[in-house]
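> Protein chains in written order, with the numbering used here: chain R, 23 to 500; chain F, 1253 to 2297.
These are calculated hints, taken from the structure and not from any lab test. Think of the CB as a built atom: it goes at the ideal place given N, C-alpha and C, for glycine as much as any other residue. Just to be clear, a hint being listed does not mean it is correct.
Across the chosen pairs, the derived CB separations fall in these ranges [what the hints assert, rightly or not]:
#1 F:D1336 - R:T474: 24 to 30 Å
#2 F:A2248 - R:G247: 28 to 34 Å
#3 R:G247 - F:R1782: 52 to 58 Å
#4 R:K273 - F:V1403: 34 to 40 Å
#5 F:P1946 - R:D361: 43 to 49 Å
#6 F:T2211 - R:K273: 42 to 48 Å
Here are the simulated lysine to any residue pairs, SDA-like style, with alpha carbons at most 20 Å apart [claimed, not checked]:
#7 F:K1342 - R:V490
#8 R:K475 - F:E1295
#9 F:K1344 - R:H491
#10 F:K1344 - R:G470
#11 R:K475 - F:K1293
#12 F:K1344 - R:F78
#13 F:K1293 - R:V490
#14 R:K453 - R:E496
#15 F:K2238 - R:K453
#16 R:K128 - F:E1572
#17 R:K120 - F:C1288
#18 F:K2227 - R:E282
#19 R:K273 - F:L2233
#20 R:K475 - F:C1288
#21 R:K475 - F:P1341
#22 F:K1919 - F:L1656
#23 R:K273 - F:R2237
#24 R:K120 - F:K1685
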Amino acid sequence: MNLLHDFAAERSRYLSRRWFFRDCALGLGSLALGSLLGGKGFAATTNPLAPKQPHFAPKAKRVIYLFQAGAPSQLDMFDYKPSLEKWNGKPVPSEVTKGQDYAFIKPDAALYASEFKFAKHGKCGAEISEVMPHLAEVVDDIAIIKSVNTDAFNHAPGQIFMNTGSQQFGRPSMGAWVTYGLGSESQDLPAYVVLNSAGGLSGGSANFGCGFLPTVYQGVPFRKGADPVLYLSNPAGISDRVQRRTLDAIKELNEHRLGEVGDPEIATRINSFEMAYRMQFSAPELADLSKESKETLEMYGAEPGKASYANNCLLARRLVERGVRFVQLFHEAWDHHSDVKGGVKTQCGITDKANAALIKDLKQRGLLEDTLVIWGGEFGRTPMVEASVELGRSLGRDHHPQAFTMWMAGGGVKPGLTLGETDDFGFNVTKDRVHVHDLHATILHLLGFDHTKLTHRFQGRDFRLTDVHGELVEKLLV
Amino acid sequence: MQPCGLEAAGIPAPAQRKIDFSRDIEPIFSATCYSCHGEKKQESGLRMDSRAGLLKGGDNGPSIVPDDSAKSILIQVVTGTHPDIMTMPKKKDRLTAQQIDLLRFWIDQGAPVPEQETASAASGKSGKPHWAFIAPKEAALPKVTNSRRVVNPIDQFVFAGLEAKGLKPSPEAEKSTLIRRLSLDLTGLPPTVEEVDAFLADHSRKAYDTLVDRLLASPRYGEKWGRWWLDAARYADSNGFEKDRSRTIWPYRDWVINALNADKPFDQFTIEQLAGDILAAPNGPANSVADQSLDRSRRDLRIATGFLRNSMMNMEGGIEPEKFRVESMIDRVDAVGRTWLGLTVACAQCHNHKYDPVSQKEYYQFMAFLNQDDEPRIEVPTPDEAAKRAGILGKVRAVEDSLLADPGIATAFTDWLTAAAKPQGDWSPMDAKEWHSTPMKYEKQEDLSLLAGGDIHNTGVLRVWVDVSQTNITGFRLEALNHPNLPGNGPGIMGDGDFMVNEFTVDATPLDEIKPVVPGSTNPPATTNRISFRQAIADWEAPEFPAGRMTDGTVTSGGWASATSEGRRHEERRAIFEAEKPLGFPGGTRLLVTVSCNPPGGLDVGGGKVSNYLIGHLRLSLTTETGTLKVDPLSERQRRLLVADAPGIRRELFREFLFKEPSVAAKAAEWEALWRDWPKAETTTLALVSRSTPRETHIFKRGDWQRLGDEVEPGTPAVLSAFDQSWPRNRLGLAKWIVDERNPLTARVIVNRVWQQYFGEGLVTTPEDFGVRSEAPPYPQVLDWLAVEFMHRGWSLKELHRLIVTSATYRQSSHVTPELLETDPYNRLLTRGPRIRVNAEAIQDIALSVSGLLSPKIGGPSVFPPLPDGVMQLSYGPIPWNVSEGDDRYRRAMYTFWKRSVPYPAMALFDAPTAEQSCVRRTRSNTPLQALVTLNEPTFIQASRWLAYRVLQESGVATDDARLTLAFRTCTARKPDAAELSSLRKLLGDLLKEFAANPSDAARVAYTDPKSPVPLPAGTTMTDLAAWSALSRTLLNLDETITKE
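Next up, chain R with everything else stripped away, as it sits in the complex (with noise of 0.2 Å):
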């Protein structure tokens, strides 16, 4: 009697099996339901991560941040100053300074010359210190940039600055909006890796958060070890069998209960456990160095199996050729209120070397053209002088929001350029100011994104991530 019934039921279950077949079997990868029928709320029930396309043809495809956090200083390493050895150990004229507040220091502190060497490189020229030899291999392929400017000097807000457009909390990061605009290449990797080498972040993980944005685009952290994704392993006990068949299990259930309920959402729900089922595959395969050729590893310095920054670096042109959108390494080890000679020789010795392979390496790879690489930290540091008896300091350098230094390659960016000059004492930008909002602005122009047009809505507002600000930089551009 209920034969009606039955009829309409199996209808129903009818067509959300061929809708759930037709449109999600592969992964979603393909599906623009939700673009069709206005992209509001049926975000959920379609692969927020589907490669989309920018507002026009890009020249880099995918970012490597190398983000140098603690801020390096950079007239120790890049804005050569001949100039501050005459005044060495003498005051900054107070009409330079005009007032600004330092962290630690008083403005009266005396200058202090950097104590390394400088010489010109490669067929460009650049200018570059002693103490990174390796990048001096590749400064044909750089464009180096003298002139970042930036608003804020202690470190949380600062590195969230750098990273989102804004020193409050709240909002997302530049690899979210990159992948919020994009979307991934990668069915089995998340679309935002982040891999940390040093200490932990001052601006902890609002550096790398979506903010507004769906948590999808957020970045992922990769942990050292075997499990670089967390949770990823099998619980003890659990074979692989064991784990197939129990998400052979879940799938035949859910897709039982999307026959009966009809809500597309349990097909998401389907292809997120495929995916992770993938994922326990790819990320550990993806981790293990060890099939990389000798000669690589050399080139890196990496060393399969041990923490280092060389293998992030390594590890992130692994994440990008697997269709990774955003790799961001962090190195929070630049904070050097003491004893800066020692700290930056220290920390280039770590990070020179692999920073310069993975430039020859993607370029060797083909990889360089459309792959987009920045380096750089939050802020610059002093050219006057730190010290403090209580603090155990002596010949540090402060924090410096004025001006300094930060190196991009590939993707667009003109190579073998530096651009950008600083006054005679490395204090204030005297020509081409690049602010962070600028940086912000040509780093989506080279990824094929008007700045002010990439928007979301909330709050009742059009948030981007240059804020109202931003002017595109063309004289970094090819």
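Let chain R serve as the given structure and place chain F on it in line with the hints.
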């Protein structure tokens, strides 16, 4: 230029209802058109913010032809069918079919714009105020044809709306679905099988209502909805920013849970959180910490102000504390705006708000309400501790009273007071030019005192540079002062508010010989002009800690401290230093005053030793008086109170007299002894207290805290209801304005956010923004009716819940057909019940609950469930994560310690908010990383074991099918159908085989620790337990288990 056939171009037919310009059309214009065709810019000569402008049009002629949308250029350009003009909007997303629909029908209805012409809300000249800014009224109930299912007006509005569209509500959900939905919604926990059976067996008409009553009365209700409130309150257990040190503010979290369980009326709930301290002490805060913490109800009122204290706090070395105090103010304005008003006030921080009529000035006026506070940490004694304290205080008073009753002592006191009241020396506070105590930072106050802030750990030296012109300085004074921000009111910065000064030095340099710090040197350079002191004396010194130690030339020799018993720990103290000979250079002198502390062994704070025992609030003065210098027995505050004859001051001064008058020393010792057993409160919490002197609030030009604009007075946005003149212009007045029935937003915003919990989306889909750019709700009458009912029913949240969950609308089945997906893809029309993945906390709680592991304990300190190695290392300030033992390991997820810089991953991955700012809408993602949590995270694995154990142990359930059914029902509340049962049976068979063949795997699956296995349920084997554990794991991972259907 004829339009090509619109219908042929796939444009949907227009809407069939009366279009309301301000509700339907203006938001579209405002979001997409005005930026190029508005007040500021008129591209192609077109200005769209008035009807006249649209009729006049731009370079291409009129934009609209009233009554003929097909001929209107506006429609042609937004649909891309105009032959010459490119598709609009050019710089924004294309309009959706629904928006185009609205525009067309508006034009076809004659393009009416109410009253005045100008439509731009930003200009404040809007013809009709935005709907959300008019107080809600109950609309007339519409007629519903199918009235049989109508329970309350919610249904009447919704069903009428559906009927108008030719739609029908879905049938009522199955009873097993309903009890699970209700239990998850009201308590955050799934029903037990027994509860389900009881409900299924109750065939009375009142069965459902009885269930609702039971769940609303459950203490679990306060936890579930407490967590809802804590999102907006941005509750966390750490300070945020770089150091991200742990804080104790869980008493606020517990206050919320208790308030909701008691169904404290929402208006009162609001007032207490915004102004509880003012209610607790209408005449201003009591001075003595001991007195403040006794009265329980007053203490609870102070705990409630934790809402505002949940702001993050930056303690990074080298910061400007004021900058980050301002950040907290910005956060508080934002939190109050989001939580109660659904308004984007925060955007007016830098400039006048573009879309909502809140001006920059109004933003700072709003801030002015919140900018008047100090930030104490208050003690929360347990009832035991409070009783002991009351006993001691009673004895102290009795002793004092009996002493005062002694005529001899009373006379001596009067004499002492008369002498003390005479002027005591002429001291000029020194105006510090620079000061330095890195990484901590002091801030200069209006009275030239210095107050510590920033990174208060790890420092032990304060240096102050002062330029002075006097040439006959004879001495210096160091005052240790109280401040509410300091522990126990100070004067010390750390621990209990004690301080110790080991060394006090002054160096004098002629102004014309000042040299900078040079590389390789230390700061400051060694000096030759150190001042020698004849004597150092203090108004009071603790035994063994004499003031003279401060001038003995070494920091390691001990120093001056004043704390003795708790009764006298927090008094203001002062010491003076008499120079050997007058000092001061004729051309001016730079003085360098150095205050050092060096407590033996350091101070134990938060698991680490720190060396900061400095005075948190101090002031330096100098004198040029000749003769032997004396130290004032009274503090400046006491002198002021003495003159004003303030209440309580006599008793306070009597205590000073007892200790400073040698003839009553024996009595003083008696008094002192009474305090020996004073119990220290284990628990503290963060609260607010109004400042004694008001703080000026200025507009920050372009949002920059260092660029002050005009000063502003506290005030509320003019576009909303008026601020009643009878209310005080402080936080209490602000709270009263917020919960005033004339306020158009509060009730709507709360109702909407409650609705959002039930249906996944609010009636207004942007709960943080009710401004002109928000999408109009599909059922505005439901929102308004509920808002009015909410207020009329005494702001009872439980009554509001009851109205919603008893409605037929809520009770609909959530099954969806492809047809429904097409007509109502997001369920905005409420054609069905909600089906949504549960929140992060419920994901954990469900697993713990079905396995029987869940601890029922409510409240208390936050707990530490297992955390994978290495997670904490991502934080700059990692803390030891000692996994909680016993029951605390299996508490409800809301009690998990929340560290802002590394939020607990198993919850963060399920979209739990970071608590960096107020959150009124969680995102709901569905990702592979979530699957890994439920598949592999240790707590879930433990839960699968115990679910298996429960099922195998259950008496009277002997067959596999019965056990499978029981396990399935435990997770989903319903019985598996034949297909499901067969899948599970097959799975069980495979798992049994697998584990029989691999006993070592089986042992690791069955037992938490295979070396000490639990006794097996009777008649079962280890293989059984392993297979059932793996099967339970499958059930815990079903979509249905983590979904509210």
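> Take the hints in turn and mark each one as holding or not.
Here is how each hint holds up against the structure:
1. F:D1336 - R:T474: 24 to 30 Å: About 26 Å separates the Cβ atoms of D1336 of chain F and T474 of chain R, which means 24 to 30 Å holds.
2. F:A2248 - R:G247: 28 to 34 Å: Given range 28 to 34 Å: holds, Cβ gap about 33 Å.
3. R:G247 - F:R1782: 52 to 58 Å: For R1782 of chain F against G247 of chain R, whose Cβ atoms are near 57 Å apart, the range 52 to 58 Å holds.
4. R:K273 - F:V1403: 34 to 40 Å: Since K273 of chain R and V1403 of chain F have Cβ atoms about 39 Å apart, the given range 34 to 40 Å holds.
5. F:P1946 - R:D361: 43 to 49 Å: holds (47 Å)
6. F:T2211 - R:K273: 42 to 48 Å: violated (26 Å)
7. F:K1342 - R:V490: holds (19 Å)
8. R:K475 - F:E1295: Cα-Cα ~18 Å, so holds.
9. F:K1344 - R:H491: Holds: K1344 of chain F and H491 of chain R sit about 18 Å apart, inside 20 Å.
10. F:K1344 - R:G470: holds (16 Å)
11. R:K475 - F:K1293: holds (18 Å)
12. F:K1344 - R:F78: holds (15 Å)
13. F:K1293 - R:V490: OK: K1293 of chain F and V490 of chain R at ~17 Å, within 20 Å.
14. R:K453 - R:E496: holds (14 Å)
15. F:K2238 - R:K453: violated (73 Å)
16. R:K128 - F:E1572: Holds: K128 of chain R and E1572 of chain F sit about 13 Å apart, inside 20 Å.
17. R:K120 - F:C1288: Not OK: K120 of chain R and C1288 of chain F at ~39 Å, beyond 20 Å, violated.
18. F:K2227 - R:E282: holds (14 Å)
19. R:K273 - F:L2233: The hint holds at about 14 Å.
20. R:K475 - F:C1288: holds (14 Å)
21. R:K475 - F:P1341: The hint holds at about 12 Å.
22. F:K1919 - F:L1656: Holds, at about 11 Å.
23. R:K273 - F:R2237: holds (15 Å)
24. R:K120 - F:K1685: Within the cut-off at roughly 17 Å; holds.
In this structure, the earlier hints numbered 6, 15 and 17 are contradicted, and the remaining ones agree with it.
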